[in-house]
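Visitor: Residue numbers (our numbering), protein chains in the order written: chain H, 1 to 263; chain S, 264 to 528; chain E, 529 to 818.
There is no bait here: all hints are sound.
Once the Cα atoms are required to be at most 30 Å apart in a straight line, the calculated BS3-like pairs of lysine-lysine come out as:
(1) E/K655 x E/K724
(2) S/K511 x E/K791
(3) H/K224 x E/K603
(4) E/K789 x S/K433
(5) E/K789 x E/K761
(6) E/K656 x H/K12
(7) S/K433 x S/K393
(8) S/K381 x H/K190
(9) E/K789 x S/K517
(10) E/K789 x S/K439
Source of the hints: derived by calculation from the structure; they are not laboratory data. Given the structure is predicted, the values throughout are model-derived calculations rather than measurements.
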Amino acid sequence: MFEPHSLYITGKGTFYSLHPLTKLSGVLAVALLVFLGPGETEKIILIGLLIFLTAVWAGLLLPSIKTTIKLLLPLLIVLVVVQGFFYPQNTTILFSLGKYEYAWEGFLYALFVTARIGVILLASLLFLFSTKLSDFSRALTISGLSSGLVYLIVSPIYMLPDFADRIHRIRESQQSRGLDIEGNFLVRIKALFPLVAPLILGALVETESRALILETRAFNAIGKRSSLVEIYLSRRERVLQILLLTVALILSVIGIIERALFL
Amino acid sequence: MEININHISFQYPNGYPALRDVHLNIPSEQHIALIGHNGCGKTTLARCIKGLLHPTNGEILLDGKSIRNEKISSLAHKVGFVFQHPDDQIFHQTVYQEVAFGPKNLGMSGEVQVEKIKEALALTGLENEKTTHPYDLSLSARKRIAIASTLAMDTDIIIFDEPTAGMDHKELTLMKVIFQELRNKKKTIITISHDMDLVLEQSDQLAIMAAGQIVKVGDPVILFRDMEENFSEMVAPQMVRLSQRVLKNNKTAKTVDQFVDFLIQ
Amino acid sequence: MSTPPIIQLDEVHFTYSGGSHSALSAITLSIQPGEIIGIIGANGAGKSTLCYLLAGLIPSFFNGNFSGTATINDKEIANIDANKLPYLVGLVLQNSRLQLSHMCNTVYEEVAFGLENLGVPREIMLKKIDQALKMTGISHMAERSPYTLSGGEQQRLAIASILAMDSPVLIFDEPTSLLDPVGRREVLSVIMNLSKSGHTIIIAENHLEWIAEYTDRVVALEAGKILVQGDPKEIMSLPEIQSSGIGWTRFTQASALYLEKTKSGSPNRLPITLEQAIHFFQTEQGNHGN
Chain H
1 MFEPHSLYIT GKGTFYSLHP LTKLSGVLAV ALLVFLGPGE TEKIILIGLL
51 IFLTAVWAGL LLPSIKTTIK LLLPLLIVLV VVQGFFYPQN TTILFSLGKY
101 EYAWEGFLYA LFVTARIGVI LLASLLFLFS TKLSDFSRAL TISGLSSGLV
151 YLIVSPIYML PDFADRIHRI RESQQSRGLD IEGNFLVRIK ALFPLVAPLI
201 LGALVETESR ALILETRAFN AIGKRSSLVE IYLSRRERVL QILLLTVALI
251 LSVIGIIERA LFL
Chain S
264 MEININHISF QYPNGYPALR DVHLNIPSEQ HIALIGHNGC GKTTLARCIK
314 GLLHPTNGEI LLDGKSIRNE KISSLAHKVG FVFQHPDDQI FHQTVYQEVA
364 FGPKNLGMSG EVQVEKIKEA LALTGLENEK TTHPYDLSLS ARKRIAIAST
414 LAMDTDIIIF DEPTAGMDHK ELTLMKVIFQ ELRNKKKTII TISHDMDLVL
464 EQSDQLAIMA AGQIVKVGDP VILFRDMEEN FSEMVAPQMV RLSQRVLKNN
514 KTAKTVDQFV DFLIQ
Chain E
529 MSTPPIIQLD EVHFTYSGGS HSALSAITLS IQPGEIIGII GANGAGKSTL
579 CYLLAGLIPS FFNGNFSGTA TINDKEIANI DANKLPYLVG LVLQNSRLQL
629 SHMCNTVYEE VAFGLENLGV PREIMLKKID QALKMTGISH MAERSPYTLS
679 GGEQQRLAIA SILAMDSPVL IFDEPTSLLD PVGRREVLSV IMNLSKSGHT
729 IIIAENHLEW IAEYTDRVVA LEAGKILVQG DPKEIMSLPE IQSSGIGWTR
779 FTQASALYLE KTKSGSPNRL PITLEQAIHF FQTEQGNHGN
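Just chain H, with the same shape it has in the complex (with noise of 0.2 Å):
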């Protein structure tokens, strides 16, 4: 079963050392600059060079490029086929099926667009293949963030593989009792209420066992916490993250400001 927290991948090295919230600084630099800082194809192919770099400097490179082809694949076939016949500024006919014909200008709108949404996968991947979540969470408790918005944060990442084996087991349920939730689209709307109310008024009766577990825990003591994983941010990485962001929301304004006058 597919279990979003243990997408890390054990590994050693300079990049798995860096301070979660740094990596972290790395990917909404990056998702910045990608959307909003100036510049258009050639932008994304020097991010998408850092990033491979950085990739290569992990030790994560096939895991991250194979893992964001296996998500991106899908997309890349519907756009190339969709903006190849349809992009308004078709106009270089490579070739026509029927009354349809295929374009250069709408191949490329396509490969353009997914390569923006690949390079931010892509930095997202690097940080969650080299980060475990629960040292992510830490990274958070200790940066000042109350224990309380961590666990709302990161908890609902561990329970999604929970959430999913129960909505399996209701649809099971509710189809042993006779439900037809495999008929036309009229009968999966009505369906969706037997499926969806359960799910909710489970999670609801589950909330008082979970703050209770919690509560034998220890999650509500006050004072000062300890960490099992020593995560130390060092001067030069706070540094580092301001600059990220930084440079990056500068480049983005100059981005903003540049199509306003261009366009």
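Following the hints, position chains S and E against chain H.
Guide: Only chains S and E this time, still in chain H's reference frame:
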């Protein structure tokens, strides 16, 4: 309704072989118990009989008819399944509505529906809770609601997955009455359970599963009598252990009553 | 009984807020260090509520109307602050999956979770974790994901997570009712080992034979009150145990039925465990033979 499980295998998409060449005959009106450790394939087998999973190989016949191409919703007329966790199905405002969900889906006529629901509520000791919100009741009471909601569908085959987990003595007694009533109604029953005392008392046939296979099938009394040598990891039912130490001629009692009868004879 | 009790309850009454009837009433109970106590009762009799009370969750976590006195180590439970309570008493519940913190990647981290919350220094933490993993027999699973464990293993992890915080009193609320026979046996044997190593154990269980065989004392509840308490091998065949919905072991049932059918005079006490039953029937048959 007779069930023929014809050399079925089942492999999960990840390649895990949950069932390997399972062959089993369940005669009509019989109560069969499936036992074995978690992960041995008991619930996978039950899900195949219910049509929730399709065997990778082999097929399952109900009264001689293959269920391979039958929709789950139409199979629901023949096979009922009481799952382990009642909270995976309860969503109505009242106990009565919850129990009516199945019969309604099956398209039972109004009169029959009312009668079946009434009967199911009485059997599960819920006749005074018709208008109660299910979540105002305890977990074990919600379990009884889940049982009632399957009983009300009046299917020929009923599968119980760990029906007695978390039940107290009173509820266990109620469960025995339910099994007796189903027997009177000539239902075919499949019970998956870790409760060996229950299994010994209630089942006509016992199938022991391990690693996706049925390793032994037979009379529960005989299988449990030789339990120590065959399945050292399970504790034999209380009546079996007592019989072995007190009764002569290797007699083994199924129930408390039978034990006393054997003793007085 | 010269040693002072580790837990003392006097005339405790408790009603959940919004509850129509009292969940516990007139509970007076004293528990000696190192004892292993069974709590039995029909569903709804108050077993869980008593567990919560002993675990210090009433009235702090569960709101309601509380009266009487409840102390651990002579300290009023209600006044012990959240930072100190885990060092005194730990609670293990029924559902093993729900008991995971949902904040940890590995078994090892899961055990560390409570210690981190308490601010235990790292060097001490490592020692405590190793010890807790060893005592529950799951050291070899330390680096595994808690979500891949079986029910019995997860339940032992839950025990380890509590144990690491060093509480001398451990409370178990039906810890095995959702496990298969193998898981059951593993968990119960861990609990027996903890008892041998000096922990005070309080366990609510529906499995009457186990309670009769292994606990020092049993507390039977009915509708929030203590029906009777004492040596399980003596009191669990009392008629009120049967009539309160707790029920008898089949050994007791068989002997009662035997006496009824043979119209023999009733003995002082009906048997409860297998050995007692064998003895009972051998004696009865012997008398019959004469």
